[in-house]
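> The listed protein sequences correspond, in order, to chains A and B.
Quick note, in this note's numbering, the first sequence goes up one by one and the last residue is 170.
Quick note, in this note's numbering, the second sequence goes up one by one and the last residue is 1390.
No lab work stands behind these hints, which were simulated from the structure alone.
Possibly wrong hints are sitting among the right ones.
DSS-like cross-link-like pairs, simulated, lysine-lysine; straight-line CA separation at most 25 Å [as the list claims (entries may be wrong)]:
1) A:K129 to A:K142
2) B:K1201 to A:K16
3) A:K24 to B:K1201
4) A:K20 to A:K35
5) B:K1317 to B:K1341
6) A:K160 to B:K1311
7) A:K20 to B:K1317
8) A:K162 to B:K1305
9) B:K1184 to B:K1305
10) A:K24 to B:K1196
11) A:K20 to B:K1196
12) B:K1184 to A:K162
13) A:K142 to A:K163
14) A:K163 to B:K1311
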Amino acid sequence: MGLVPGLATGLGITFKEIIKTVVKGAETVQYPHEKEEPAPRARGVIALHEENCTSCMLCARECPDWCIYIEGHKELAPPRRAGGKPRSVNKLDRFDIDYSLCMYCGICVEVCPFEALFWSPEYEYSELKIADLLHDKTKLGKWMTTVPEFEAYEAGAEVKAKKVPALEKK
Amino acid sequence: MTAISDRRQLAYVASQAAEARVNLELETEGMTLNIGPQHPATHGTLRIVAQLDGEQVIQAEPIMGYMHRGYEKLTEVRTYPQVTTLVNRIDWLGSFANEVPFILACEQLMDIEAPPRAQHIRTILHEMARMAHVTLFLGDLGVQLGAITPVFYAFRDREHILNQIESATGGRFHPNFDRIGGVKDDLPAGWIAESKQAVRKIRDFCNTIEDLLFGNEIFQARTRGIGVIPADIGLSYGLSGANIRASGVDWDLRRDNPNGLAYDKVDWKVWTHPDGDSFARSWVRLQEVREACNIVEQLLDTLPKGPIMAKVPRIIKVPEGEAYVSTENPLGEMGYYVVSKGGLTPFRVKIRTASFNNMSITPWVLKGTYVPDVITILASLYFILGDIDR
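With the rest of the complex left out, here is chain A (with noise of 0.2 Å):
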């Protein structure tokens, strides 16, 4: 066994990719000039949609390492038709989550049967301190703008496609 044929194929195929990183460019994303799209799918954020979460906290229950934190009273709300009994609404007064401890799991978005959880592929929420990593409903509310449009399913799927809620406009 010579010790030149393995060598020699070997130092062809590392020419052959310097020849095409010269020729095409390197395939590395240049990250802070260049920015790369996450699939619409991915897990970045979680965005709160305000007007449909009645703190009904199944969320917080379910999360395995309890980083949802809703605070929430009853109040009541004029009735929908005149002479009928006022409503009562639950309201949220707060909805935190701690993404210091998420787990990016998902199981809050999956199972909030009032689609007020969506996630959103941004990942550009990093801080300088640990305790700001706790995301209030304001600004767990301006994820929201980030929501892309949920995709359409491969062919023999039987799913129904869902949507995103329209925001409203203030």
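Fit chain B to the supplied structure of chain A, relying on the hints for placement.
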């Protein structure tokens, strides 16, 4: 006792004594070498205490548990849907493959069978996890031997598979996609065509790495005949996966026990190698990536129509009973023994991970090897620290 009278015999005894004296003078004290816990060649925090005589290892003992996270205990206080989040993190390179046996064990206890479409998606993602996992192994193998280039190619080409996993499941590393009774969501439109392209890139990578590494004479000299594990020794230590197939044992759970997965619907082959050395272990893994490409391509073409979830209650309670289900992880046999008392959480989960048993052969296989070979043998045995300690 007979007196020594013969002259030649006397001369022989005298020469032996002289040699012994010389050996005594030359004898050096044995050295204890700690490889790890913080050492790049141990892929994490594994510590190997090796007793050395010069360059030779007399005795080696792996010390595990630096990364113990107590997953078996944690599963007892998590509901069944929450457990998949945890078990994702056992073997972090092939996360999806960790979820499957747990879900299958729960399905067996609840007497549910996932619909065919879900089974196909599961199998595709399982094999994609294997591709991503072993691709990195093939690149990493070069680094352990001093060749730096393959690992860059491996990271580059693994990305295509990870992107596919991400666009289907939402998580690059921790998919958390498998549910009791099916999978979480259906595949997005265009995923099949993109996956075929990604698989083609992995095939190209396999060809590249075969020329770059497996044909290389230095690589062959460093791995052929090193760390030989005979089949009977390997079986008695409980090796599984590619490590035992490299010793010539034709054993693959994907073929022998395809419970709840679609392996029996595809035409594929189990690769074995008669040698049992480091080269054979690496070679079998290379062939397995190619076989995984085969399986995924066939399954993508034959994806059946239909639902992706069986009828499952909203709050999952698993009836009383016990079940053990194991599947072929990228590392070997991974199994979950789930004991349920009928509640919301498992009563006890025993996790059988492949790396832990694969690791147990190290004292035997490292005995008498040389220090540079320790690294190649460990690399070719291929373990993930999270998988050992869990």
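> Compare the structure with each hint and give your call.
Checked hints:
The suggested pairing of A:K129 with A:K142 holds, with an alpha-carbon distance near 20 Å, which does not exceed 25 Å. Taken as a hint, the B:K1201 and A:K16 pair is honoured in the structure, with Cα atoms around 16 Å apart against an allowance of 25 Å. With a C-alpha separation of about 17 Å, the suggested pair A:K24 and B:K1201 falls inside the 25 Å cut-off, and the hint holds. With a CA separation close to 23 Å, the supplied pair A:K20 and A:K35 stays within the 25 Å bound.
Restraint check for B:K1317 and B:K1341: the C-alpha separation of about 9 Å stays at or below 25 Å, so the hint holds. For the given pair, A:K160 sits about 16 Å from B:K1311 by alpha-carbon distance, which is consistent with the 25 Å threshold. A C-alpha spacing of about 56 Å is found between A:K20 and B:K1317, which places the hinted pair above 25 Å, so the restraint is violated. Taking the CA atoms of A:K162 and B:K1305, the gap is about 19 Å. The hint holds against a cut of 25 Å.
For the hint linking B:K1184 to B:K1305, the alpha-carbon distance of about 16 Å falls within 25 Å, and the restraint holds. Between A:K24 and B:K1196 the CA atoms are separated by roughly 23 Å; this keeps the pair inside 25 Å, and the hint holds. At most 25 Å may separate the alpha-carbon atoms for a hinted pair to count; A:K20 and B:K1196 meet this at roughly 23 Å. For a cut-off of 25 Å, the pair hint linking B:K1184 to A:K162 stands: about 14 Å separates their Cα positions.
Restraint check: the Cα-Cα separation between A:K142 and A:K163 comes to about 18 Å, which is no more than 25 Å; the hinted pair holds. A hinted pair counts as satisfied when its Cα atoms are at most 25 Å apart, and A:K163 with B:K1311 qualifies at roughly 24 Å.
Checked against the numbered hints given earlier, this structure breaks only hint 7.
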